[in-house]
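**Q** Taking full-length UniProt numbering, I'd label the letters of the sequence shown as residues 1 to 286.
Calculated directly from the structure, the hints in this document are not laboratory data.
As the structure is a prediction and not an experimental result, all values here were calculated from the model.
Note that beta-carbon positions come from the ideal geometry of N, C-alpha and C, so glycine has one too.
Keep in mind that a hint or two might mislead.
Distance ranges between label pairs, derived from CB positions [said to hold, decoys possible]: (1) Ala136 <-> Gly72: 42 to 52 Å; (2) Pro85 <-> Ser224: 50 to 60 Å; (3) Asp115 <-> Ser156: 19 to 29 Å.
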Amino acid sequence: MGTFVDRLFPVERLIWQEMRGGILPPPVSSAGNGSLVQQRLSTTDEGQYRVTFPPQVRKWSDWVAIYEFSLGVGGRRDSFRLRDPRTYFNKRAGQALGAGDGVTQAYQLVASFGDDYTHRITKPVDGTVAIYIGQAGSPVAQTSRWSVGLLSGEVSFDSDLAGTVTGATSASPCVLEITGHGLTTGDTVHLGAFTGTGWSGLNDRREIVAVVDANHISIPVDSSAFPAYSANDGTTHTLPQAGEIITADLEWEFQVCLSSRIEPPSDAVVGRIVRLGEVVFEEVDE
Numbered sequence: 001m002g003t004f005v006d007r008l009f010p011v012e013r014l015i016w017q018e019m020r021g022g023i024l025p026p027p028v029s030s031a032g033n034g035s036l037v038q039q040r041l042s043t044t045d046e047g048q049y050r051v052t053f054p055p056q057v058r059k060w061s062d063w064v065a066i067y068e069f070s071l072g073v074g075g076r077r078d079s080f081r082l083r084d085p086r087t088y089f090n091k092r093a094g095q096a097l098g099a100g101d102g103v104t105q106a107y108q109l110v111a112s113f114g115d116d117y118t119h120r121i122t123k124p125v126d127g128t129v130a131i132y133i134g135q136a137g138s139p140v141a142q143t144s145r146w147s148v149g150l151l152s153g154e155v156s157f158d159s160d161l162a163g164t165v166t167g168a169t170s171a172s173p174c175v176l177e178i179t180g181h182g183l184t185t186g187d188t189v190h191l192g193a194f195t196g197t198g199w200s201g202l203n204d205r206r207e208i209v210a211v212v213d214a215n216h217i218s219i220p221v222d223s224s225a226f227p228a229y230s231a232n233d234g235t236t237h238t239l240p241q242a243g244e245i246i247t248a249d250l251e252w253e254f255q256v257c258l259s260s261r262i263e264p265p266s267d268a269v270v271g272r273i274v275r276l277g278e279v280v281f282e283e284v285d286e
C-alpha cells in the first residue's frame, strides 16, 4: 500500500446514478472447526465502504479525466478522497461522539447507520463540521475552543478553563464574578455546584458567555427573582462535563483506493457512451 494523496476523485465524471455498494459487513470465513467467523477489516469498524461504478462514461473527456487521475495516484497504489454523491453516505446531523467526563479533550467523528452501527469518519469536509455540547436534548453550538483534524476526523477541545463563581447578580442577564476567567465572548461554560434557592437551578446548564471584563462574564439567564448570591460555591468549566453529550453535524469523504485497474483509452467514440471496465473503490483503514 502506498500513501494518502489528498485529492478528490472526480466522481461526477462517472454515471454515479447507477453505482452499487456502500458500507458492507465484514466477510465471513471458516474458523477451521466448522463455525463461521467475521473478519474485521479494521481495528475500529466492522464494516468497509466499497462501491462499484458501471462500466461506461458518457463522454470521452470524462474517461480521459478518470484515467489521468488514476495515473496521479499510482493506479491501485495510493489512497485518495471519494465523496459519495448519495446524501445517505456523505452527510449526517446530530451524531453522538461521546459523553463528557471533565477530562477528555479528543473525540472521534462518527456517522451512525441505524441504532447498532457507527462508522468512523476520518476525512471530514472542511467547513462542514459543527460541534455541540449539552445535556441530552439541549445541545449548545460551540463556536470556539475546538478544532477538527481534516486528515483524522478527531475533534480536539482546548484545555479546560475552570472558574469559581465568587459573586453573581440577581439581574437579567446574570453577571458572574470569576477572577481571571480567561474566557472570550462566545465561549460556553458548564455551570455546577451552585446552592441556594434559584441558584441551584443553574446546575448542569451550559450557557454562552459574554465577557464584561477580566473578572466578570454575563450569561443569558434571568436571575432577577433569585435571592442575593452568598454561597460563593458555583463553578464553571469549558470542557464537556459528566452528563453532557458531544454531538456533531458533518459532511465527509471516504479514504479509498482503486481496487480495479483503469486501462488507457483506446480511441475516441464521438456521440456514444464510452465503455470501460467496472471502476471499484475500497475504503482504506489507516
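**Q** If a hint holds in the structure, say so; if it does not, say that too.
**A** The hints, checked one at a time:
no.: 1; hint: Ala136 <-> Gly72: 42 to 52 Å; verdict: holds (46 Å)
no.: 2; hint: Pro85 <-> Ser224: 50 to 60 Å; verdict: holds (53 Å)
no.: 3; hint: Asp115 <-> Ser156: 19 to 29 Å; verdict: holds (28 Å)
Of the numbered hints stated above, none is contradicted by the structure.
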